[in-house]
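A.B. asks: Residues per chain are reported as follows:
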Amino acid sequence: AQSVTQPDIHITVSEGASLELRCNYSYGATPYLFWYVQSPGQGLQLLLKYFSGDTLVQGIKGFEAEFKRSQSSFNLRKPSVHWSDAAEYFCAVGAGTNAGKSTFGDGTTLTVKP
Amino acid sequence: NAGVMQNPRHLVRRRGQEARLRCSPMKGHSHVYWYRQLPEEGLKFMVYLQKENIIDESGMPKERFSAEFPKEGPSILRIQQVVRGDSAAYFCASSARGDQETQYFGPGTRLLVL
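Residue numbers (the working numbering), protein chains in the order written: chain A, 1 to 114; chain B, 1001 to 1114.
Calculated from the structure, these hints are not laboratory results.
Note that beta-carbon positions come from the ideal geometry of N, C-alpha and C, so glycine has one too.
Pairs of lysine-lysine residues, derived as DSS-like cross-links and limited to a Cα-Cα distance of at most 27 Å, are as follows:
#1 Lys-49/A to Lys-1027/B
#2 Lys-49/A to Lys-1051/B
#3 Lys-1044/B to Lys-61/A
#4 Lys-68/A to Lys-1044/B
#5 Lys-1051/B to Lys-1071/B
#6 Lys-1027/B to Lys-61/A
Each pair of labels, with its calculated beta carbon distance range:
#7 Gln-58/A to Arg-1014/B: 44 to 50 Å
#8 Arg-1084/B to Ser-39/A: 25 to 31 Å
#9 Ile-60/A to Arg-1078/B: 30 to 36 Å
#10 Thr-12/A to Lys-1051/B: 41 to 47 Å
#11 Gln-71/A to Arg-1014/B: 48 to 54 Å
#12 Asp-1056/B to Pro-7/A: 26 to 32 Å
#13 Leu-1038/B to Arg-22/A: 18 to 24 Å
#14 Trp-83/A to Lys-1044/B: 28 to 34 Å
#15 Ser-72/A to Arg-1015/B: 40 to 46 Å
#16 Gly-62/A to Glu-1052/B: 40 to 46 Å
#17 Ser-84/A to Arg-1015/B: 37 to 43 Å
#18 Arg-1078/B to Ser-18/A: 45 to 51 Å
#19 Ile-1055/B to Ser-39/A: 29 to 35 Å
To give an idea of the interface, some chain B residues facing chain A are shown, with a C-beta separation under 8 Å as derived from the structure:
#20 Glu-1041
#21 Gly-1042
#22 Leu-1043
#23 Phe-1045
#24 Asp-1056
#25 Glu-1101
#26 Thr-1102
#27 Gln-1103
#28 Tyr-1104
#29 Phe-1105
#30 Gly-1106
Use the sequences and the hints to build the structure in full.
C.D. replies: Shown next, in the form of C-alpha cells:
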C-alpha cells in the first residue's frame, strides 16, 4: 500500500527566506508524485507533479521539487518566500497505473513572518 | 474554462438527515474522485467513478454513504442519516482520460452536522 509522510506539521519562515518542505513516500513501483497548496477555506491547487524524466520539476508560483528515489523523497523548495505563500501544503502519491487514486500526507502549514 | 464545481459550498444538517453533495467535473473530464478532509488532517480517498461506473470505492464507509456519476448531470455523494462524525470538508476532483493521475480539485463542500 502506498503512503506519504510529511514530517513537519508546521513551519515558519521569514519573508524572503528560502523554504523546503519535506515529503517521504512509500510505494512499490515508480510513483506519481504531486504537491498541492490549500489556502484556508479553499480547495487544492496543483503546484507541480512528477511522473518520469528529469528529477527536478518546476511548478507554478516559483516552486520546484526534486525526486530522489534513493531517499524516497520529493521535497518542495522555493528560493524566496512571499507572504502570500502562507497556506497548507500537501504532498501526494498516485497509484501510477491509471487507477487515479491519490494518497495524501497530512500536510504542512506554512507561516510567513514579515 | 470553468474548473471543478461543487455545491453547496456549505451544508448544515441535523443528525439523521440526508446530505447530498454535487460535483460537476471540468469540461472534457470523465473521471471523478471524492475525498474527505477531517479537521487538521489530510485528504482521504473515498471513491473513484467514471460515467455510470464505480471504479474504486475502497475508501467509502460501508454504510450510509453512496456515490454516483450518471450519464447526464453531476456526480452525487449521498450521506444518509448523518452523524456528527460526518462533519468534514468533502472535495471532488476530476481528471481526463489518459491522464487520470492529474486531478483538479473543486472548492469543497463543508458539511456541519448539528
